[in-house]
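Given the coordinates of chain A, assemble chains B, C and D onto it according to the supplied hints.
Chains as they are written, first to last, in this note's numbering: chain A, 1 to 309; chain B, 1001 to 1336; chain C, 2001 to 2300; chain D, 3001 to 3536.
Bear in mind the hints are in silico, worked out from the structure with no lab data behind them.
Do not rely on the hints blindly, as some may be mistaken.
[Said to hold, decoys possible] Mimicking DSSO-like on lysine-lysine, the simulated pairs with C-alpha atoms at most 27 Å apart in a straight line are:
no.: 1; chain 1: D; residue 1: K3246; chain 2: A; residue 2: K89
no.: 2; chain 1: D; residue 1: K3513; chain 2: C; residue 2: K2061
no.: 3; chain 1: A; residue 1: K158; chain 2: D; residue 2: K3138
no.: 4; chain 1: C; residue 1: K2073; chain 2: D; residue 2: K3145
no.: 5; chain 1: C; residue 1: K2061; chain 2: D; residue 2: K3447
no.: 6; chain 1: D; residue 1: K3447; chain 2: C; residue 2: K2069
no.: 7; chain 1: A; residue 1: K84; chain 2: D; residue 2: K3138
no.: 8; chain 1: A; residue 1: K84; chain 2: D; residue 2: K3447
no.: 9; chain 1: A; residue 1: K84; chain 2: D; residue 2: K3358
no.: 10; chain 1: D; residue 1: K3145; chain 2: D; residue 2: K3447
no.: 11; chain 1: D; residue 1: K3246; chain 2: C; residue 2: K2073
no.: 12; chain 1: A; residue 1: K54; chain 2: D; residue 2: K3481
no.: 13; chain 1: D; residue 1: K3513; chain 2: A; residue 2: K158
[To be verified] Some chain D residues near chain C, calculated using beta-carbon distances under 10 Å:
no.: 14; residue: A3248
no.: 15; residue: I3253
no.: 16; residue: A3257
no.: 17; residue: I3269
no.: 18; residue: Y3273
no.: 19; residue: S3319
no.: 20; residue: V3323
no.: 21; residue: K3383
no.: 22; residue: L3387
no.: 23; residue: Q3390
no.: 24; residue: E3406
Yeah, the Cβ is synthetic: ideal placement off N, Cα and C, and Gly gets one too.
Here's the letter readout for the chains.
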Amino acid sequence: MYRYILKRLLMLIPVLLGVAFLIFAIMDVAAGDPVYSVAGADATPEQIEALREKMGLNGSLIERYIRYIGNLLKGDLGTSYISKLDVMKVYLQRLPNTLKLATLTMIVAVGMAIPLGITAAVHQNSIRDTTSMVLALIGLSMPNFWLGLLLILFFSLKLGWFPTGGSEGFRSIVLPAITVGTSLAALLTRTTRSSMLDVLRQDYLRTARAKGVSERNVIQKHALRNALIPIITIFGVQFSNVLGGSVLAETVFAWPGVGRLVVDAIDQRDIPTVTGALVMTTMLVTIVNLLVDLVYAFVDPRIKAQYTK
Amino acid sequence: MTNQEANDLILDIKNLKVRYETQDGIVRAVNGIDLTLRKKRTLGLVGETGAGKTTTALAIMRLVPDPPGIVECDKLEISGQDILSLPENKLEHVRGNDISMIFQDPMTALNPVFTVGDQIAESLEIHEHLSSKDAKERAGDMLELVGIPRERANEYPHQFSGGMKQRVVIAIALACNPQLLLADEPTTALDVTIQAQVLELMNELKEKYDTSMIMITHDLGCVAEVCDEVAVMYAGRIVEEGTLEDVFNRTLHPYTEGLFNSLPNIKDRKAKLKPIKGLMPDPTNLPVGCSFAPRCNYVSDACLKAQPQLRSISQTHRVACTAYDNPEFHIERRIL
Amino acid sequence: MEINQTNRNQQRATKLYKKRSALEDVWRQLRRNKGAIIGLILIVVIILVAILSPILLDYDKDVIGQHIKQRLKPPSADHWFGTDELGRDIFSRVIYGARYSLAVGVVAVFVALAIGITLGAAAGYIGGKFENVVMRICDIFSSIPSVLMAIAVVSALGKSTFNLMLAVGIASTAPFIRVARAAVLVVHDEEYVEAARAIGMPDWKIIWVHILPNCLSQIIVQATLRVGSAIIAAAQLSFLGLGVPAPAPEWGSMLSAGRQYIRDYSYMTLFPGLAIMLTVLSLNMLGDGIRDALDPKLKR
Amino acid sequence: MKKHTKILSLGLCIVFVVLSIAISPVSAEGDFVPSKTGAIIQELVADPNAVYQDTITIGVANDVTTLDPQASNTDANMMAFELTHETLVQIDPATGEIVPGLAESWEVSEDGLIFTFALPSGVLFTDGVTPFTANDVKYTYTRAKDSSFASAKVSDVVDINVIDDAHIAITLSRPNQEFLLLMAHKGMSILSEALCTADETNGPTIGTGMFAVEEWAPGDFISFVRNENYRGGKAPTRHIVFKLFKEASTRLIALQAGEIDVCIDPSTIDLGYIQDDSNLQLIQTQNVVMLYVAINTTKPGLDNVHIRKALAYATDKLSMIEVGFDGKGTVHNNYINVNQFGLKKDIAVYEYNLEKAKEEFALSGYKEGELTFHVMTDKEYKKNAALVLQADLSEIGINLVIDEMETAALKSTLNDPALNYELCIYQWTDADGTDFTVRNMYGSSMKDGVLVKNGSNRCVLTDATLNGMIDAALVEIDTSKREQLYFAIEDYLNEIVPIVPICTSYINIGIKKDITGAVWRPTAKHDYRFICIPEK
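Bound-form chain A, shown alone:
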């Protein structure tokens, strides 16, 4: 097991190097030399060159990349072109906000999706099933930023229940969490349902029923644990997405999370911030995925057996 974890953590290294290179390459192609947007209009060529050196933009893509990796290994993500602040510090400033939003979103989504999905599957083709599936489909089809706008329109402007943005207090997190959580809840409901339907057809449930296990326990004990596996997969994938920043919701609600940090930095051609934030996010995503895989093993002994092999 530990060897498996270690192996996974080692596999993280090439991925992080790859992410850093990818971002470097993309930002290198990007229109607009960052030097000229940082330097003022009156900059002389000498000043430009000096600035270029100071910003670490001299040299070829590969040279810069190697330099960056060297610093990265020392835990140094560089300093922002714009604010001159340490990227790591800025990232860590934003991370709690994103984690807060992500966690609440996931809790709400899971809390809604699993009971709904189970009910839908158990009462397949009933009114309850149809209703929750139609709702899930709508939730899945709604662009989340639009939902955010509608929520603002209704709950902030018309009813005045929640603030339209900002990050103070619990009330300000409610609407962003709903915005991000809706499509997630929809997705999870659908996954739970189909996974549950799959499991409900399995013979071992018949065995359980034949044993005299009550219907409630058949569902909650025997079926759910098996159905959880695909749900956990989706959960893992989506957690990364929420974690990486529900950029749109963060923009709509002025939520100072990691996603907005990256978008703003891309706008400003602030390469160290873009790269640093994405590398850190990738690391988090990978670690979350590893955790998800460990949860798998906990739920499914067959997978555990694979890991220990």
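Chains B, C and D only, in chain A's frame:
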């Protein structure tokens, strides 16, 4: 039927009908069968795939999925207890306690995420209200009973072979010492050598616990080995029933004859196999007359007009075939 | 040789027959699914609208024609969905916008399909180091949230409709790589593939003729559902100002423009949003239907 | 304020309105009269016993991006520097005259070349320990020469002579009528030599201002804490926070909900909400941000004066104002900013006229459909202006492609020596020195024998005649003659059309009714040093 016999009755079914209402139409899986079974006896329920054997067993357990399954029955009693009118929570006390079932495929019959010990212990916890520690202990006993070392109770199904899994399934079914055991093709999924072992084990345990059993199978050899009585099913109906002797040696129904004829003959290896021609009728669209008529070698116009009813040929032996209106009629198969 | 040829013809014949009956079967299943049919009808209507809109509407006059005096008028008989900040008719723009959203969604998915299937199938078939590299690249792509990925790509390539398609496509490639690879791995060792290899069929042909058709159903389902998410992704980028350049009536950019008028002129955000939702909804309903029809497990 | 029910809140509102009419000396919107400079000054009567709200939160639209005064020139940063740093002199918002800042007084030599400043003693930087001396001024101005943002302002400085700790003399290469104006610019804020040399990153963020930076979360907020030792007496408010809300509508809602005290630049479409809200007040003054179409006069097609005139005739400024600012703006036809010295009120106007545009186009020799130009825009209102222009140009047979870009990319394209752009909707915000404006917007300087455009010369004009006219105006001492010279420059520009001026709009600010002490400048660089809410 004498009083004594009536008290002895473990299972009494009258006019059981099961249909599945699906999008493709109504599948009539079981079309009015009567079954009785006395204590310590074993009934072989024989027929090809799709004849309605498994559905019958599920109906007895009241486990026919609804929707789409709809069960209709005039009488369904286990040891004199009316199962038909029991509410779901009472049924849970009957299942696994009074009646158990062994399912066809041991590969899928066990829950992959629980240890086998837990799965055996579960029914003990439910029905005998044992503490989880005692139940574990008893589960170990049960494992040993079916020939598996008790240490393996903490292992998961994927760590067991097919035959071992089937033993676990048997252990689960017998854990609470049921009066009636429904075994749905318990050996089909297993290797031949394992099949014999499992059958022997079941025979042994049945004797030991005085359990009555319905053995569902299409394997006539298996029937010969375990059963006292035989009922042959075709398209949701019983076409012939009687003692093992009756059905094997005094075969009456053309379908039963067909079943025997399609077995390879060890004594005459040159003899050509004679499979029953054609396929089972579409259960959504059963013919008006005898369901077997389209495949029957002895078919007459009368067969196509009305459904034949079971008629008694001897005290124990009954058959549903219009041809026997003619007292001269006999089938080709001769028992040597 | 002769015999071989006849054999093959026979094979082909059975295959054809099989294929047609499978298709018919899918259609039969699909027809029974109310949701799928509603989805199908809706999406056909939307596609027709998209195709016919240049005939129904005069682009210069109706779609981008400005009437500053008529700006920000709420829905009325003249302007069913009202007018926007430049006095343009929102109804015409929403109608015409279907062209952009559908085109972006479909092309993006094609990009993703093309890259994903090529890489995924090759990885699954060739295996070894190549597979490892492809899968690591796949890891890299899927560990960067796709929206951020697309934003980065668009800002690198510059804003244009094509780049938007490309960005959304690239950002949604990873799942296709995975699907294709998994499908190839499943059939890789099947006997008919072994047989094809034994008679010396080139690898690419084996992939193309024997392997891909076998994972087609999965890919079709994925693709249908992905068109919907690609449309949303494109709208998201447009919303962030990275989409189709003005004055094209792309739904996401209409939403973006309407955002600052949301308090008094909420219809500006309402209708384009509804249009996106309806399109994606119908695609999802259809995709679900196809999946259910193709997936024998779900048949009852 | 927590609203329980609609009715209750409505009731509260009514009570509040009645009370406020009855008790407070109502200052309705009309009471704010812009000063000579166009600024609205909320005079704060000094009262040592008054108690003020602890924190004032200002909802801003643009992020503070740097705390080094010499590393940027955006409005958002300038407002921060106004709090944290001081310049030697400053501009009186009431009269527009130069008044003492960090310097207590100054003298100018007769030839106008040497400026001697008298500095106060005992002043500490906001780190609380570093003393301020004349050496810091020398250090600051020398450092400015290397800054790409500040160097243009000290380009005439040839010598800085520290006489003693409290006196410094600055020598210019030529008389500059606007030198003090330049020194009042926040980019010339005085830094500490000791702090800057000790810490190159954080040193420049410390000044001698009334506030010091407390916490900075880029992209979210920046907070300032009062300098308790400020020599002129401390500020009334202890904490000032700039909180970023990119969405105008969100920002205003935050103000209405009471989350913030000031909302900068609410959407023009939403101004009614401020006027209708009895807790709020609308500050409105014409701004001096000149919106214009910058024309890269070196690009094919655009080097043709007839094409440029066609562009000018085809520019529908009224529609642009309507679309961009909801009709709240003023058409601008001049080549320098409003309120600037030398603004020619009766300049010949290129009225919006597509017929004339077509005539000019015909004179250019190009055929219809032959020309396609790209126009760069960054903000929504600029994009809208470009859309209006696009529609009109298509009428006269010129295709216009709108390139929406992020501000950073747009700026770097403009600044890149490759000058790879054709048109750009851009703005000019400086309204102080006319020379600074014309020199930077249209001037060029000789480098290695060739004329090279000055930094902010977005039309890429290298016109020796024009340079001569600009130099002549700068050194002219007679005010009315100087004015005439600027009139001539404007007429000259009006003939060659290097830009198409569009409009100036209004500065709008929503504030809580009780707010006072702030100076709302038409340049959008507001002075928050004395902003406060007196507690009742």
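Verification of the supplied hints:
no. : hint                : verdict
1   : D/K3246 <-> A/K89   : 23 Å, holds
2   : D/K3513 <-> C/K2061 : 47 Å, violated
3   : A/K158 <-> D/K3138  : 58 Å, violated
4   : C/K2073 <-> D/K3145 : 54 Å, violated
5   : C/K2061 <-> D/K3447 : 51 Å, violated
6   : D/K3447 <-> C/K2069 : 50 Å, violated
7   : A/K84 <-> D/K3138   : 25 Å, holds
8   : A/K84 <-> D/K3447   : 32 Å, violated
9   : A/K84 <-> D/K3358   : 51 Å, violated
10  : D/K3145 <-> D/K3447 : 17 Å, holds
11  : D/K3246 <-> C/K2073 : 26 Å, holds
12  : A/K54 <-> D/K3481   : 47 Å, violated
13  : D/K3513 <-> A/K158  : 23 Å, holds
14  : A3248               : 6 Å, holds
15  : I3253               : 8 Å, holds
16  : A3257               : 13 Å, violated
17  : I3269               : 6 Å, holds
18  : Y3273               : 7 Å, holds
19  : S3319               : 4 Å, holds
20  : V3323               : 6 Å, holds
21  : K3383               : 6 Å, holds
22  : L3387               : 5 Å, holds
23  : Q3390               : 7 Å, holds
24  : E3406               : 7 Å, holds
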